[in-house]
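4 protein chains.
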Amino acid sequence: MQHILNNIAKEMARETERGKVADYIPQLAHVDPNQFGIAVATPDGKMYAAGDADTLFSIQSISKVFTLTIGLGKLGDALWTHVGREPSGDPFNSIMMLEHESGRPRNPFINAGAIAVVDAIMMGHEPKETLGEILQFVRFIADDDTISFDHKVAASEMQHKDRNASLAHFMKSFGRLKHDVDKVLGTYFHQCSIAMSCRQLARAGLFLVSNGVNHHTGVRVINAQRSRRINSLMMMCGHYDGSGEFAYRVGLPGKSGVGGGILTIAPGKGSIAVWSPGLDHIGNSRLGSKALEMFVQETGWSVFGH
Amino acid sequence: MQHILNNIAKEMARETERGKVADYIPQLAHVDPNQFGIAVATPDGKMYAAGDADTLFSIQSISKVFTLTIGLGKLGDALWTHVGREPSGDPFNSIMMLEHESGRPRNPFINAGAIAVVDAIMMGHEPKETLGEILQFVRFIADDDTISFDHKVAASEMQHKDRNASLAHFMKSFGRLKHDVDKVLGTYFHQCSIAMSCRQLARAGLFLVSNGVNHHTGVRVINAQRSRRINSLMMMCGHYDGSGEFAYRVGLPGKSGVGGGILTIAPGKGSIAVWSPGLDHIGNSRLGSKALEMFVQETGWSVFGH
Amino acid sequence: MQHILNNIAKEMARETERGKVADYIPQLAHVDPNQFGIAVATPDGKMYAAGDADTLFSIQSISKVFTLTIGLGKLGDALWTHVGREPSGDPFNSIMMLEHESGRPRNPFINAGAIAVVDAIMMGHEPKETLGEILQFVRFIADDDTISFDHKVAASEMQHKDRNASLAHFMKSFGRLKHDVDKVLGTYFHQCSIAMSCRQLARAGLFLVSNGVNHHTGVRVINAQRSRRINSLMMMCGHYDGSGEFAYRVGLPGKSGVGGGILTIAPGKGSIAVWSPGLDHIGNSRLGSKALEMFVQETGWSVFGH
Amino acid sequence: MQHILNNIAKEMARETERGKVADYIPQLAHVDPNQFGIAVATPDGKMYAAGDADTLFSIQSISKVFTLTIGLGKLGDALWTHVGREPSGDPFNSIMMLEHESGRPRNPFINAGAIAVVDAIMMGHEPKETLGEILQFVRFIADDDTISFDHKVAASEMQHKDRNASLAHFMKSFGRLKHDVDKVLGTYFHQCSIAMSCRQLARAGLFLVSNGVNHHTGVRVINAQRSRRINSLMMMCGHYDGSGEFAYRVGLPGKSGVGGGILTIAPGKGSIAVWSPGLDHIGNSRLGSKALEMFVQETGWSVFGH
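Protein chains in written order, with my numbering: chain A, 12 to 317; chain B, 12 to 317; chain C, 12 to 317; chain D, 12 to 317.
Keep in mind that the hints are not guaranteed to be accurate.
Since copy identity is lost for identical chains, a pair holds within one copy or between any two.
Result set (DSBU-like, lysine-lysine): computed pairs, CA atoms no more than 35 Å apart in a straight line [stated by the list, open to error]:
| id | residue 1 | residue 2 |
| --- | --- | --- |
| 1 | Lys194 | Lys280 |
| 2 | Lys189 | Lys57 |
| 3 | Lys280 | Lys189 |
| 4 | Lys163 | Lys139 |
| 5 | Lys189 | Lys21 |
| 6 | Lys85 | Lys57 |
| 7 | Lys194 | Lys57 |
| 8 | Lys139 | Lys85 |
| 9 | Lys163 | Lys85 |
| 10 | Lys194 | Lys21 |
| 11 | Lys21 | Lys139 |
| 12 | Lys85 | Lys194 |
| 13 | Lys194 | Lys163 |
Honestly, the hints are just simulated from the structure, not real lab data.
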């Protein structure tokens, strides 16, 4: 395993077409594109890593997996009155389908859906409290109390909030958000700003590898059915309108973020976190996707074979 | 296993809300909705079955899995110039996205995509030859030479071809079909009219269970990577705009048909064919989906857990 | 003429199906639906009126005609870089087409377009100054210094701003708005809250009857070509996705508002203002449209005949 | 008037950017783009012409005005159950809105709408009979028995029917067409192939100038209200998604065809036919539109002023 990761890191270092760093959030635009990290956590407690696996990056939309988990914990199936669970076939920030479907987002992983989820878990509380809850959960599953928000990134996103503000006000106009739009957005942007390394992220994903139990800590986070269902949502919707491509090439449930990270789950085998800041035209990490494709070719890990 | 199937069949016999038999193809509208069959084929060569598992039904869109396999065999990755591989988020017969994407269908499992695939595999030949090839392939993977077209169903579909004719002419107007529209449609409707039982269908699916090898016959049908990729397409797009729901509830790659059948693949474990003619509002078998949900709860089979 | 108006007012008083008062702005929902007014101003300086022609009502979207006129005066044809001039075929508050067209609204009479126009005429000034300019213009063309904003209505709209806020943030995310979204919306809602009577409104429309000259005051407001072009925009886009219907039934350029008013221009003949608060399902005054249909049948006024 | 037309023809002869001749119908692609004709018929029986005003061209979609008139004559308001009367905001051959509106075309001037109209006027008869009726009507209003179909053009269109076949089958799948699709299309393509000169076309339009009476022949063709309403439809929908632009620049009801002709009506004043085969990107005659813009600037003819 370590050998495979070393090879991948070496290969990625040679790549010249590294994609384009997200530039609509100025704070992210500063990140050096010549970085690449990969880490694999396995249920037996081992951790393998290569490249910049200890560098912190903004997890951005990967955080949607964690708030979905929290949301299902707090609301159970009632969460699905707030958001659907079908792939949308549209870009991450599309508003069109919202109009067709009376403001109900297609799934919890497009921006509109994630905003609806964070509104649902606020339950009348202030952003601060909800953010405390989210951070506590992420620290718990990653077994690491050093994980924090990057307030500069959050502030930078708030300053460039227009597209997400449009989505939020649109949903609010259909009565789909209960809280003040700016409070919901503030919470959402902070959730996205959480900074983690590949190592931390791989460990945080472990509970989805083992039917809900984090074998690193030995603690059951959620029940087995819910774990499977979160994985199914990552598979179907985790890469926006590139989800089909990811399933085709990588064959594992995964969730990407515009910070350049991708968390990928191989049930029963391991949790893989990759990171490289350059994105493809859909908004997924270019080298991250490539590295994962190499990884599954080497390991044969795939939910579609055995 | 046999016990589980018996229980499911008993449970399904008690169901009163059985959905609505497809009525836009008159020949299918005659089918008695009070039928239900299930069959499971495992790589060790065993076959389990319950209910009307030997009754022939029209496989309809399940045939798209087989023509996709043929298409990948004949054209390789060049097939993807004809059709995409993303879920569409739209109903099976939608034409809208075609307009946005210059006549290129989103994936091979919506009607437009399957029509594009059959056009691609015709390669200048007459419908008769292409249909011979398709039937031969299905008989080969099911190891059963009695499998045939139901010409009455095909003729009935040709008489009510308008929606599919619209899709085909639309693609043709963008230069996306090479052959005469009526010949392509004739081939497509015959492909859909193939009549199979649950037992036959379960056996035909075996090659997707074992990385491309049909363990019943011991023959490698396709290579392992292609097998995984066909499964990924079934997972992402196999149930139209109900694909997310199926992944969430059943957690296995599957492909449904408006004849009421569903073929489902559990990699490494088995191939499950269910059939019940009543459909839900999306066009998937109502009892079929329900039976599969019971089945995975009992067996724990899921690609998203282990 | 007076006789025709009296008859129409009598007829309208008998109507039982009066439509539904706009309820998404609470302040408007309080208006008594049993009101109807009509006024006709002619270039020779005469004024005819019947019913509640002196009652003030919220002109709402009719104000878009006035800000368009101001915008063309300040920016000339450069205004058309901010907004198009095609009918959209969509409801007044639709956001879909914005996504297809990179945030550029189809025309100045849908909400998004009117918001873009007000942003364009602000030119770096504060809402207060822009609003002063708008009010001054309306008082000037109506020759009536008593015309004012209804601050309660404006405040009520600001409290229910979400749909329009969504449109504004969406355009802003494409760089299409220069000013702060809340300032633009504040200006827009005040512009919509202007309260006028049928008499005042009919007089304000006179400059569009006579190729840009208000014959009541004898002052040229705009040149003849611009007057014709504003009329053409009212004809094509003045009633949202009911514009074709209005052209078919009434045959004159007109602009409706959800306050229940409609301003209609018969070039060379007169300016007609009607008002009745109950709306049809598209958001146009139900009795207002009906009264205008009666009016043109009696008078033969139509731009499509002679 | 003659002087104005001479000037326009001279100006147009100097134009170097003449647009692109329609190439999707091979028979039309052969037409020499260096042609331009204009003719004006007035109610007092006068005819003015300049340029290639006697050259025959394919009237194409201008024929939709004539079949609409026939359709309203045969079915009255019942025609509006087959087709709507709102501008669509979409290109002439768009299929999207059909999907949203269950196969009912937005208006009689987009292709789908014109196909629905021809289906409606067939009333169980064969294409031959319907075509006889259409030709008889056109000869009658133009007072010219030499007008004929161009069978070569019709055959060429039938060979490249796919986009229109797609529209027709789509509507048929919703039960919106009563007749065989190929018969409807055959009739439609022949109707579009009618060959006329500017002179003939200007005379044919006269009945819409004078409230339904053709003053050349002194015969009432339709009643005044219907004449106004056909003009309103030409205004709102006569140039597809360029209708707003035409209303803005020309200010008169008009209908264009991809053969390069435009028929324009100035109520009470005259009927103007222009022709030049090069098209703009929307499919309207480039020089034709330009010539009309010059014409209205010189004459002041506009329905939006007086």
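Legend entry - Which numbered hints fail: Going through the list in order, the structure violates hints 1, 2, 3, 5, 7, 10, 11 and respects the others.
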